[in-house]
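Chemist: Sequence:
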Amino acid sequence: MAAARSFLLLGALYGASGVALGAFGAHGLKARISEAALATWSTAVTYQLTHALALLGVGIWLRFMQASAHSPAGTVITALGVAGWAMALGVVLFSGSLYALALGGPKLLGPVTPLGGLAFIAGWLALAVAALRLPGAA
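Throughout, this note's numbering is defined as the position within the sequence shown, counted from one, plus 466.
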């Protein structure tokens, strides 16, 4: 149940910090950075908040599967673990690089953003795998 707790904690922390970073962008950065940089900041916030919710869902699903007396073979649990860690990494790489770039960070961070996007995609695909491996799934 440690992974479930980790995903729930990360989802909550990413959610809280996403709201704070969104407010900071809207109120603290609006007059200090360009419109393009502000749009980049907003994209980072959107993806962070979306995946904060997804991590909460993964944590709840994983906790349910681990507690269920009818829990299927570990493949669903493994897929959920992959999904959660991929999404958590995606937030760091994708949103983190966009925050830094919006604040004028080095351009060499640009190639990091798509790696975060790939981590997000891997996470969502791992969720699909978990769904397909549920008992009774087609």
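If you're looking for bench data, these hints aren't it; they were derived computationally from the structure. Take these hints with a grain of salt, some might be off.
Stated by the list, open to error - What follows is a set of in silico ranges between Cβ atoms, one per label pair, in the way DEER data are often shown:
| # | residue 1 | residue 2 | range |
| --- | --- | --- | --- |
| 1 | Ala486 | Gly576 | 38 to 46 Å |
| 2 | Lys573 | Leu600 | 20 to 28 Å |
| 3 | Pro601 | Ser500 | 23 to 31 Å |
| 4 | Trp590 | His493 | 13 to 21 Å |
| 5 | Ser500 | Gly540 | 32 to 40 Å |
| 6 | Leu519 | Met467 | 18 to 26 Å |
| 7 | Gly570 | Arg471 | 31 to 39 Å |
| 8 | Gly602 | Gly571 | 23 to 31 Å |
| 9 | Gly494 | Pro601 | 43 to 51 Å |
| 10 | Ala502 | Arg471 | 35 to 43 Å |
| 11 | Pro601 | Ala468 | 51 to 59 Å |
| 12 | Ser508 | Pro580 | 12 to 20 Å |
| 13 | Val595 | Thr509 | 22 to 30 Å |
| 14 | Pro572 | Leu479 | 37 to 45 Å |
Unchecked claim - List time: in silico SDA-like cross-link candidates among lysine to any residue, alpha-carbon distance up to 20 Å:
| # | residue 1 | residue 2 |
| --- | --- | --- |
| 15 | Lys573 | Ile499 |
| 16 | Lys496 | Gly540 |
| 17 | Lys496 | Val485 |
| 18 | Lys496 | Leu475 |
Think of the CB as a built atom: it goes at the ideal place given N, C-alpha and C, for glycine as much as any other residue.
Chemist: Work down the list of hints and note, for each, if the structure agrees.
Modeler: Now for the hints, and whether the structure bears them out:
| no. | hint | verdict |
| --- | --- | --- |
| 1 | Ala486 / Gly576: 38 to 46 Å | violated (25 Å) |
| 2 | Lys573 / Leu600: 20 to 28 Å | violated (44 Å) |
| 3 | Pro601 / Ser500: 23 to 31 Å | violated (52 Å) |
| 4 | Trp590 / His493: 13 to 21 Å | violated (32 Å) |
| 5 | Ser500 / Gly540: 32 to 40 Å | violated (49 Å) |
| 6 | Leu519 / Met467: 18 to 26 Å | holds (21 Å) |
| 7 | Gly570 / Arg471: 31 to 39 Å | holds (37 Å) |
| 8 | Gly602 / Gly571: 23 to 31 Å | violated (48 Å) |
| 9 | Gly494 / Pro601: 43 to 51 Å | holds (50 Å) |
| 10 | Ala502 / Arg471: 35 to 43 Å | holds (39 Å) |
| 11 | Pro601 / Ala468: 51 to 59 Å | violated (24 Å) |
| 12 | Ser508 / Pro580: 12 to 20 Å | holds (18 Å) |
| 13 | Val595 / Thr509: 22 to 30 Å | holds (27 Å) |
| 14 | Pro572 / Leu479: 37 to 45 Å | violated (26 Å) |
| 15 | Lys573 / Ile499 | holds (16 Å) |
| 16 | Lys496 / Gly540 | violated (48 Å) |
| 17 | Lys496 / Val485 | holds (16 Å) |
| 18 | Lys496 / Leu475 | violated (30 Å) |
In summary, the numbered hints that this structure violates are 1, 2, 3, 4, 5, 8, 11, 14, 16, 18.
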